[in-house]
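These protein sequence lines are chains A and B, in that order. My numbering applies: residue 1 is where the first sequence begins, and numbers increase by one. My numbering applies: residue 1 is where the second sequence begins, and numbers increase by one.
Hints are not guaranteed to be accurate.
[As the list claims (entries may be wrong)] Calculated pairs, BS3-like style, for lysine-lysine (alpha carbon to alpha carbon, straight line, at most 30 Å):
1. Lys199/A x Lys93/A
2. Lys22/A x Lys179/A
3. Lys93/A x Lys56/B
4. Lys41/A x Lys22/A
5. Lys199/A x Lys56/B
6. Lys56/B x Lys197/A
7. Lys93/A x Lys41/A
8. Lys135/B x Lys225/B
9. Lys36/B x Lys93/A
10. Lys197/A x Lys36/B
11. Lys56/B x Lys142/B
12. Lys56/B x Lys22/A
13. Lys36/B x Lys199/A
14. Lys197/A x Lys22/A
15. Lys56/B x Lys179/A
16. Lys225/B x Lys179/A
17. Lys197/A x Lys93/A
[What the hints assert, rightly or not] If you want a taste of the chain A side facing chain B, the calculated C-beta under 10 Å gives, among others:
18. Trp83
19. Ile144
20. Lys179
21. Leu182
Keep in mind that the hints were calculated from the coordinates and are not lab data. For each residue, glycine too, the CB sits at the ideal point set by N, CA and C.
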Amino acid sequence: MPGKPGNPNMLHASADESPERKRLAARAEMADLMHQVAIAKDRVAFQQLFDTFAPVVKGMMMRQGANAETAEDLAQEAMMSVWRKASLYQSDKGSVATWVFTIARNLRIDRLRREVPWQELTEERSQIESDAPLPDDQVASAQIQRRMRLVLSTLPSDQQQVVEMAYLDGLSHSEIADKLELPLGTVKSRMRLAYQKIKNVFEGQI
Amino acid sequence: MIQHHLDDATLMAYAAGTLGEALSLVVASHLDICPKCRAELRQLELVGVALMGTIKAEPISVAGERAALARLEATDSEPDSAAVQGAAGVVVPTASNPAVAAGIRSDGVGPSDGIGLPRPLVGLVGATYDAIAWKRLAPGIKHYRLPLSAGAVGDLRLLHIEPGRQIPEHGHGASELTLVLAGSYSDATGRYSAGDVADLDSDIEHQPVVDLGSVCICLVASDQKARFKGLVSRILQPLIGM
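Build the full structure now, drawing on both the sequences and the hints.
Okay, here's the thing in structure tokens:
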């Protein structure tokens with residue numbers, strides 16, 4: 001099996017397959033595994049998803065201040081959510097990683113910040129189960145992820161910093177402003193500038 | 001037609017889950033009716049996914065993994081949670097308001113140019129504007145304070161303002177969002193009608209005034225504790241001076 005448990009976005013390239021094809025294969029595989037969990041409650045499929053995503057969620061939670069034990073509990077909660085709501089996942093609406101990201105983010109709001117996560121799962125609007133083989137959207141979303149990573153890594157460091165402090169450290173605008181000793185307006189302005197560059201990815205200009 | 005949308009920095013914080021409960025509810029309410037901002041949010045969530053790919057993954061303990069797989073057995077014997085139950089805290093009532101469940105905006109009783117209560121609000125204030133227990137804040141201004149979670153800092157309230165009245169503004173330094181639910185108001189930055197969201201920097205005083213002809217109902221959030229006492233006294237001063 002190529003790659004090792006961990007982040008599907010960061011599989012190691014082997015000699016005979018391009019990193020892009022590997023990522024694409026991994027993405028399709030994740031969607032297939034989700035499908036198996038949804039229609040058959042397939043525990044083996046679930047375990048593969050668990051091995052891929054639970055360590056990522058744990059890492060996310062620890063980055064945002066949870067200790068190892070809490071982070072592990074939260075990773076488990078996230079994966080339980082994946083198990084229970086597998087039938088709501090629709091592969092044409094985005095990758096499994098996107099779904100896990102939103103589940104983990106909402107869990108963090110709920111458990112670490114103790115606030116209500118005001119997110120509506122749009123998948124609930126239609127309960128159609130995904131039975132398609134590799135949808136075209138998987139190709140598009142793999143490309144978008146690749147370009148996104150490129151843009152993020154080439155942002156001016158002051159913009160990259162505020163974006164990472166928000167998404168990875170889980171800091172609010174004010175918290176970032178306090179930490180960097182900057183006016184609130186400057187923090188927001190850097191985020192807007194970063195996003196303007198990132199938008200080029202979606203508009204096919206990168 | 002919605003003309004005033006959420007700022008990119010606000011949506012980014014929302015996508016990252018850092019916006020705070022009060023502001024987040026206003027964002028969620030606007031998103032409920034604005035496809036453009038929903039599309040932006042999806043893109044901003046993809047930024048989060050890309051960054052998630054850069055985090056150092058932490059191995060799960062053997063005991064932890066075993067416990068997780070054991071929980072699958074227990075989970076299966078639980079009754080299937082209602083499909084409409086989303087992430088913790090987001091419940092879309094169906095039995096209580098079939099119109100909402102069907103995606104039809106329940107106009108309730110109110111100005112005809114209103115948009116009805118956005119779904120995130122229905123669980124908090126009931127299905128129609130009638131159900132809201134308004135309290136008098138100042139002449140021509142009624143309000144209803146929405147409760148927040150114990151750990152949340154901030155202020156969230158509905159305002160009901162008569163035509164021609166000035167709307168209380170937040171103080172400097174606070175982040176604030178205003179979503180118009182019915183009627184309209186105008187200020188230095190333009191006219192805000194039902195569905196529009198005012199997401200402005202707090203430095204300037206905009207002096208919003210409700211347009212004539214309709215009551216204006218707004219959802220207003222601040223990331224700081226209630227400042228309305230001070231604000232109301234500022235509004236009343238011109239009246240007192242008369």
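Hint-by-hint comparison with the structure:
A C-alpha spacing of about 19 Å is found between Lys199/A and Lys93/A, which places the hinted pair at or below 30 Å, so the restraint holds. A hinted pair counts as satisfied when its Cα atoms are at most 30 Å apart, and Lys22/A with Lys179/A does not qualify at roughly 39 Å. Of the supplied pair hints, the one linking Lys93/A and Lys56/B holds, its CA atoms being roughly 26 Å apart against a limit of 30 Å. Between Lys41/A and Lys22/A, the direct Cα distance comes to roughly 26 Å. Compliance with the 30 Å bound is thereby established for this hinted pair.
Our distance criterion of 30 Å between C-alpha atoms is met by Lys199/A and Lys56/B, whose separation comes to about 26 Å. The hinted pair formed by Lys56/B and Lys197/A meets the criterion: a straight-line CA distance of about 25 Å does not exceed 30 Å. Taking the CA atoms of Lys93/A and Lys41/A, the gap is about 21 Å. The hint holds against a cut of 30 Å. Between Lys135/B and Lys225/B the alpha-carbon distance is near 18 Å, which keeps this suggested pair within the 30 Å criterion.
Between Lys36/B and Lys93/A, the direct Cα distance comes to roughly 17 Å. Compliance with the 30 Å bound is thereby established for this hinted pair. For the hint linking Lys197/A to Lys36/B, the alpha-carbon distance of about 19 Å falls within 30 Å, and the restraint holds. The suggested pairing of Lys56/B with Lys142/B is violated, with an alpha-carbon distance near 51 Å, which exceeds 30 Å. With a C-alpha separation of about 20 Å, the suggested pairing of Lys56/B with Lys22/A holds against the 30 Å cut-off.
Restraint check: the Cα-Cα separation between Lys36/B and Lys199/A comes to about 14 Å, which is no more than 30 Å; the hinted pair holds. A threshold of 30 Å between alpha carbons decides the hint, and for Lys197/A with Lys22/A the separation of about 27 Å falls inside it, so the pair holds. Simply put, Lys56/B and Lys179/A have alpha-carbon atoms about 23 Å apart, close enough for the 30 Å limit, and the pair holds. Between Lys225/B and Lys179/A the CA atoms are separated by roughly 21 Å; this keeps the pair inside 30 Å, and the hint holds.
At roughly 24 Å between alpha-carbon atoms, Lys197/A and Lys93/A fall within 30 Å of each other, so this suggested pair holds. For Trp83/A, the suggested interface contact is upheld, since its CB lies about 6 Å from the closest CB of chain B, less than 10 Å. Interface hint at Ile144/A: satisfied, since its Cβ lies 6 Å from the closest Cβ of chain B, which is below the 10 Å cut-off. Taken as an interface hint, Lys179/A does not check out: its beta carbon lies about 13 Å from the nearest beta carbon of chain B, beyond 10 Å.
Hint status for Leu182/A: violated, given a least beta-carbon distance of 13 Å to chain B, over 10 Å.
When held up to the earlier numbered hints, the structure conflicts with 2, 11, 20 and 21 and fits the remainder.
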